[in-house]
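Asker: Chains as they are written, first to last, in our numbering: chain S, 9 to 425; chain C, 54 to 534.
Since the hints were derived computationally from the structure, they do not count as laboratory data. Hints may contain errors.
[As the list claims (entries may be wrong)] Pairs of lysine-lysine, DSS-like flavour, derived with a Cα cap of 27 Å: (1) C/Lys341 to S/Lys241; (2) C/Lys442 to S/Lys225; (3) C/Lys413 to S/Lys227; (4) C/Lys98 to C/Lys442; (5) C/Lys351 to S/Lys225; (6) C/Lys348 to C/Lys118; (7) C/Lys270 to C/Lys111; (8) S/Lys342 to S/Lys407; (9) S/Lys10 to C/Lys413; (10) S/Lys407 to S/Lys388; (11) S/Lys243 to C/Lys223; (12) S/Lys162 to C/Lys223; (13) S/Lys162 to C/Lys524; (14) S/Lys108 to C/Lys223; (15) C/Lys293 to C/Lys223; (16) C/Lys351 to S/Lys241; (17) C/Lys118 to C/Lys271; (18) S/Lys186 to S/Lys162; (19) S/Lys227 to C/Lys431; (20) C/Lys111 to C/Lys88; (21) S/Lys276 to C/Lys293; (22) C/Lys98 to C/Lys180; (23) C/Lys111 to C/Lys98; (24) S/Lys188 to C/Lys531; (25) S/Lys276 to C/Lys271; (26) S/Lys241 to C/Lys348; (27) S/Lys227 to C/Lys139; (28) C/Lys270 to C/Lys139; (29) C/Lys442 to S/Lys227.
[Unchecked claim] Covered by chain C, per the in silico footprint, the following chain S stretches (three or more residues, Cβ under 8 Å): (30) 157 to 167; (31) 291 to 298.
This one's a predicted model, so the numbers in the text were calculated from it and none came from an experiment. Virtual Cβ for every residue (Gly too), placed ideally from N, Cα, C.
Below, each chain spelled out in residue letters.
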Amino acid sequence: MKADIVIVGGGPAGLAAAIAAAKEDSNLNILILERDRELGGILNQCIHNGFGLHTFNEELTGPEYAARFEEQLDGLGIRYMLDTMVLDVASSVVTAVNSKEGVFTVDCGAVVLCMGCRERPRGALNIPGLRPAGVFTAGTAQRLVNIEGFMPGKEVVILGSGDIGLIMARRMTLEGAKVKAVCELMPYSGGLKRNIVQCLDDFDIPLLLSHTVIDIKGKERVTSVVIAEVDEKSKPVPGTEQEIACDTLLLSCGLIPENELSRSAGVKINPATNGPVVNESFETSIPGVFACGNVLHVHDLVDYVSEESGRAGRSAARFVKANKAEEGPVINIKNGNGVRYTVPSFVRLNELEDDLVIRFRSGNVYKDSYINVLFDGETKLHRRKQIITPGEMEQVILKKEELSGAPSEILIEITEN
Amino acid sequence: MDNSFDVIIIGAGVTGCAVARELSRFDCSVLVIEKDEDVCCGTSKANSGIVHAGYDAKPGTLKAKMNIRGNELMPGLCQELDIPFKQIGSLVVCTDEANREGIDDLYARGITNEVPGMKILSAGEVKAIEPNISDDVVCALFAPTAGVICPFRLNIALAECAAQNGVEFKFDTKVTGIRSSGGVWEVDTGDAVYIARAVINAAGCHADDIHNLVSDKKLHITPRRGDYMLLDRSLDGFVKHVIFPQPTKMGKGILVTPTVHGNTIVGPTAVDIESKDEAPVTAEGLVKVQEGAVKNVKGLQLKQVITGFSGLRAHEDGGEFILEEADGCPGFFDCVGIESPGLTACPAIGEYMASLVSEKLALKQKDTWNGICKDVVKPVELPSEEREKLIKEYPEYGRIICRCETITEGEIIDAIRRPLGAKSLDGVKRRTRAGMGRCQGGFCSPRVMDILSRELGVALDSITKSGGNSKIVTGRTKDEG
Chain S
9 MKADIVIVGG
19 GPAGLAAAIA
29 AAKEDSNLNI
39 LILERDRELG
49 GILNQCIHNG
59 FGLHTFNEEL
69 TGPEYAARFE
79 EQLDGLGIRY
89 MLDTMVLDVA
99 SSVVTAVNSK
109 EGVFTVDCGA
119 VVLCMGCRER
129 PRGALNIPGL
139 RPAGVFTAGT
149 AQRLVNIEGF
159 MPGKEVVILG
169 SGDIGLIMAR
179 RMTLEGAKVK
189 AVCELMPYSG
199 GLKRNIVQCL
209 DDFDIPLLLS
219 HTVIDIKGKE
229 RVTSVVIAEV
239 DEKSKPVPGT
249 EQEIACDTLL
259 LSCGLIPENE
269 LSRSAGVKIN
279 PATNGPVVNE
289 SFETSIPGVF
299 ACGNVLHVHD
309 LVDYVSEESG
319 RAGRSAARFV
329 KANKAEEGPV
339 INIKNGNGVR
349 YTVPSFVRLN
359 ELEDDLVIRF
369 RSGNVYKDSY
379 INVLFDGETK
389 LHRRKQIITP
399 GEMEQVILKK
409 EELSGAPSEI
419 LIEITEN
Chain C
54 MDNSFDVIII
64 GAGVTGCAVA
74 RELSRFDCSV
84 LVIEKDEDVC
94 CGTSKANSGI
104 VHAGYDAKPG
114 TLKAKMNIRG
124 NELMPGLCQE
134 LDIPFKQIGS
144 LVVCTDEANR
154 EGIDDLYARG
164 ITNEVPGMKI
174 LSAGEVKAIE
184 PNISDDVVCA
194 LFAPTAGVIC
204 PFRLNIALAE
214 CAAQNGVEFK
224 FDTKVTGIRS
234 SGGVWEVDTG
244 DAVYIARAVI
254 NAAGCHADDI
264 HNLVSDKKLH
274 ITPRRGDYML
284 LDRSLDGFVK
294 HVIFPQPTKM
304 GKGILVTPTV
314 HGNTIVGPTA
324 VDIESKDEAP
334 VTAEGLVKVQ
344 EGAVKNVKGL
354 QLKQVITGFS
364 GLRAHEDGGE
374 FILEEADGCP
384 GFFDCVGIES
394 PGLTACPAIG
404 EYMASLVSEK
414 LALKQKDTWN
424 GICKDVVKPV
434 ELPSEEREKL
444 IKEYPEYGRI
454 ICRCETITEG
464 EIIDAIRRPL
474 GAKSLDGVKR
484 RTRAGMGRCQ
494 GGFCSPRVMD
504 ILSRELGVAL
514 DSITKSGGNS
524 KIVTGRTKDE
534 G
């Protein structure tokens with residue numbers, strides 16, 4: 009099989025990348041390989057609204073948001089294969105398997121990695137206790153409720169305040185379950201403020217910051233969990249234990265970009281994001297291999313995934329045509345005080361579209377602070393923010409002409425004044 | 054069903070199933086009674102998965118004899134039963150000059166036990182074959198016949214083979230009483246009484262309770278809990294051998310080893326506990342595992358943990374395997390105190406017990422016996438033309454359900470349909486590895502539930518994690534209800 013661009017994954021990132029690439033060059037032969045039975049990825053199980061505010065200026069549900077993209081595919085001549093698992097990625101050949109073709113290869117000019125992320129499971133959290141039924145990651149529970157139509161349980165404790173956990177607190181409540189508490193190990197929430205308000209506060213669900221689960225009880229099905237307060241080193245404080253009767257424990261303790269294919273392809277991974285190191289074009293360390301969406305870094309808003317993936321798709325299209333980058337200045341983007349990572353990691357000025365969007369996350373909570381952008385040590389931007397938290401992605405946008413002086417380094421930092 | 058059998062085996066762990074397979078060579082009727090929903094639900098499912106070389110056990114003991122014989126039988130058995138097994142060798146590492154003698158003693162013990170091929174390696178020699186070994190290494194005992202095995206497949210394959218040779222299995226059935234009556238044994242399971250000429254007690258941690266139902270010479274088992282951590286396959290190759298510290302009276306200590314599937318496993322702890330049915334992982338246990346692991350290897354990324362679990366060893370007070378006809382109970386045979394090296398020893402225990410029982414009952418070998426049993430076909434392990442052919446004929450072998458371990462729908466269907474097939478998520482997991490990878494079933498469990506529901510013809514909300522009341526979901530949502 010042959011294609012100009014193979015897109016690995018047909019979720020929001022893959023759909024946006026494919027569409028943007030096709031719009032960039034209508035002659036390109038674009039193929040999406042999707043491992044699930046339908047396109048749209050995790051959006052299919054996100055039946056709540058709040059998607060699309062930035063992209064379409066309206067509030068859509070997840071499936072509606074996905075449909076806006078899916079309905080463009082046919083018109084643009086984009087092909088896709090469902091129930092198809094990619095087994096191996098190299099810069100010019102992708103190997104996959106499905107029940108129709110068996111194991112097959114696609115020779116291609118460029119690859120866009122859009123595999124998304126997975127949830128951190130119980131085992132990776134080292135939660136002590138028994139191993140009964142009734143312990144789910146929030147996303148698995150969401151699939152059971154919203155796609156399969158089954159309830160994972162009736163009395164629920166949630167560990168972790170990631171967005172999916174918050175959304176599921178509301179969803180389970182609406183379905184008649186009792187959500188007894190959301191425990192968060194950190195002294196701040198891992199999710200968006202709006203989700204805390206709309207999903208917990210509105211339903212009187214307590215959010216217990218600096219709390220964790222220290223025991224899971226029940227031989228066959230969960231019968232209770234024991235929670236405790238933690239100190240500043242995240243260690244449980246003796247004497248604060250509290251047993252909560254429940255039949256279900258949901259986990260929303262972080263998302264891990266699914267980069268097993270990227271790693272075996274030899275793509276360089278940023279340990280701060282667990283995603284590929286990319287440049288302004290969302291190209292990885294392997295020329296012609298691009299990455300976008302949650303496989304690159306975990307996003308809060310799908311709108312940003314679409315926007316970023318559009319850039320990746322257009323870049324892939326340009327790569328297929330030109331097959332090499334123009335020579336020119338390279339600007340490194342550095343993490344300053346309080347900044348855990350930035351995407352992209354560096355910029356080739358001549359390859360940049362009209363503007364440069366630098367997305368990043370803080371490592372802590374900052375109140376009444378400033379985001380600074382420094383070009384070679386010189387402050388170019390000094391912007392006040394009321395609150396900066398690790399749970400909300402930040403961004404700065406720089407116009408291409410602002411970069412015309414071609415600084416060798418851009419530093420992003422958070423300061424108190 | 055006729056309730057009379059020549060032999061009843063209590064317990065479908067590796068010991069019970071190994072004995073069942075060996076007895077199935079003889080012209081006799083055999084019933085295996087298991088309290089859980091599946092084979093491999095107790096000690097057999099939660100252990101290190103090690104085939105030991107045999108230098109640990111005290112010379113002359115049954116533990117030593119069965120270990121050596123089991124180790125000898127294992128490669129052939131794994132061939133016959135299609136069990137993943139890698140004879141990677143083990144290292145007992147000495148990290149303190151003061152304890153060097155302990156390695157010499159272990160070597161001497163191994164020589165007495167007739168362990169083949171052992172060598173004491175210098176620090177340099179150890180580093181050459183195991184680059185991530187601790188810098189404190191002084192020397193190590195190398196035993197080439199040690200290896201790693203899939204304990205699930207070992208147990209399941211022994212049972213499947215026994216079943217294909219006529220052994221019957223009864224699950225979810227707990228023995229509540231045993232009586233001797235007119236030269237036969239009556240085994241009471243609450244709702245039925247089964248009759249047998251001989252009973253074999255292979256009840257793991259409960260084997261003392263079963264024994265004490267019939268014998269005045271009481272036995273006592275202490276469940277000894279061991280916590281483990283299983284690390285991601287991305288660390289494959291980090292260690293190349295089974296790496297042990299020097300043993301103590303509580304056991305062989307916290308080992309670090311690759312599993313036969315390329316994960317890295319560390320553990321176990323050894324804590325004597327009360328409950329024979331519940332083995333909770335503890336925070337202290339996990340800390341001990343981590344501390345133990347880093348003593349012998351350097352730079353192990355314990356953050357790559359994908360799951361923690363704990364298992365129970367059936368430690369009898371005498372510290373020895375009890376493999377005999379119980380005193381004053383003709384026809385009642387014990388396999389009691391089968392702790393480490395029980396997994397290694399099981400083929401030998403099977404052979405030994407079958408010879409005791411067949412002699413007692415004057416059993417004759419069958420004319421036809423099929424000792425070969427193939428595992429679930431794994432497309433990923435097939436040469437590409439064969440994989441192509443398989444998918445063309447059975448498209449479900451091209452549909453990946455478990456992304457992390459690349460397990461297809463075809464494999465899951467096979468695991469459910471084969472004799473003694475899977476009935477639960479854990480049953481599927483142990484037969485196929487679906488759900489054993491780094492996402493721990495986050496993505497595939499709803500799909501495996503769908504397949505189980507379809508194949509077994511039961512409602513999705515009756516699917517369990519591991520039988521009994523371990524239901525995954527509690528009912529329908531409002532819209533669907």
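Asker: Now tell me if each hint is right for this structure.
Answerer: Hints, verified against the model:
1. Simply put, C/Lys341 and S/Lys241 have alpha-carbon atoms about 19 Å apart, close enough for the 27 Å limit, and the pair holds.
2. Taking the CA atoms of C/Lys442 and S/Lys225, the gap is about 47 Å. The hint is violated against a cut of 27 Å.
3. For the hint linking C/Lys413 to S/Lys227, the alpha-carbon distance of about 40 Å lies beyond 27 Å, and the restraint is violated.
4. At most 27 Å may separate the alpha-carbon atoms for a hinted pair to count; C/Lys98 and C/Lys442 exceed this at roughly 34 Å.
5. Annotation: proposed proximity of C/Lys351 to S/Lys225 is violated, straight-line Cα distance about 35 Å (limit 27 Å).
6. Restraint check for C/Lys348 and C/Lys118: not satisfied, since their Cα atoms lie roughly 31 Å apart, outside the 27 Å limit.
7. In summary, the hint linking C/Lys270 to C/Lys111 is supported, as the alpha carbons are separated by about 24 Å, within the 27 Å threshold.
8. Annotation: proposed proximity of S/Lys342 to S/Lys407 holds, straight-line Cα distance about 18 Å (limit 27 Å).
9. Of the pairs offered as hints, the one joining S/Lys10 and C/Lys413 is violated, with about 70 Å between alpha carbons and a cut-off of 27 Å exceeded.
10. With a C-alpha separation of about 12 Å, the suggested pairing of S/Lys407 with S/Lys388 holds against the 27 Å cut-off.
11. Of the pairs offered as hints, the one joining S/Lys243 and C/Lys223 is violated, with about 46 Å between alpha carbons and a cut-off of 27 Å exceeded.
12. Annotation: proposed proximity of S/Lys162 to C/Lys223 is violated, straight-line Cα distance about 33 Å (limit 27 Å).
13. Simply put, S/Lys162 and C/Lys524 have alpha-carbon atoms about 13 Å apart, close enough for the 27 Å limit, and the pair holds.
14. Between S/Lys108 and C/Lys223, the direct Cα distance comes to roughly 40 Å. Violation of the 27 Å bound is thereby established for this hinted pair.
15. For the proposed pair C/Lys293 and C/Lys223, the alpha carbon gap of about 40 Å is over 27 Å, so the pair is violated.
16. Proximity of C/Lys351 to S/Lys241 is assessed by CA-CA distance (about 24 Å); at most 27 Å being required, the pair is judged to hold.
17. The hinted pair formed by C/Lys118 and C/Lys271 meets the criterion: a straight-line CA distance of about 24 Å does not exceed 27 Å.
18. This hinted pair checks out: S/Lys186 and S/Lys162 have alpha carbons roughly 6 Å apart, not beyond 27 Å.
19. At most 27 Å may separate the alpha-carbon atoms for a hinted pair to count; S/Lys227 and C/Lys431 exceed this at roughly 32 Å.
20. For the given pair, C/Lys111 sits about 33 Å from C/Lys88 by alpha-carbon distance, which is inconsistent with the 27 Å threshold.
21. Proposed proximity of S/Lys276 and C/Lys293 is supported: the alpha carbons are some 26 Å apart, at most 27 Å.
22. Among the hinted pairs, C/Lys98 with C/Lys180 is inconsistent with the structure: their alpha-carbon atoms are about 33 Å apart, more than 27 Å.
23. At roughly 26 Å between alpha-carbon atoms, C/Lys111 and C/Lys98 fall within 27 Å of each other, so this suggested pair holds.
24. Between S/Lys188 and C/Lys531 the alpha-carbon distance is near 20 Å, which keeps this suggested pair within the 27 Å criterion.
25. In summary, the hint linking S/Lys276 to C/Lys271 is not supported, as the alpha carbons are separated by about 63 Å, beyond the 27 Å threshold.
26. With a C-alpha separation of about 24 Å, the suggested pair S/Lys241 and C/Lys348 falls inside the 27 Å cut-off, and the hint holds.
27. For the hint pairing S/Lys227 with C/Lys139, the CA-to-CA distance comes to about 34 Å; that exceeds 27 Å, so the pair is violated.
28. For the hint pairing C/Lys270 with C/Lys139, the CA-to-CA distance comes to about 41 Å; that exceeds 27 Å, so the pair is violated.
29. Note on C/Lys442 and S/Lys227: the hinted pairing is violated, with a Cα-Cα distance of about 44 Å set against a maximum of 27 Å.
30. For the segment 157 to 167 of chain S, the assignment as covered by chain C holds, since 6 residues bring a beta-carbon within under 8 Å of that chain's beta-carbons and 3 suffice.
31. Requiring three or more residues with a Cβ within less than 8 Å of a Cβ of chain C, the coverage given for the segment 291 to 298 of chain S is violated, as only 0 such residues are present.
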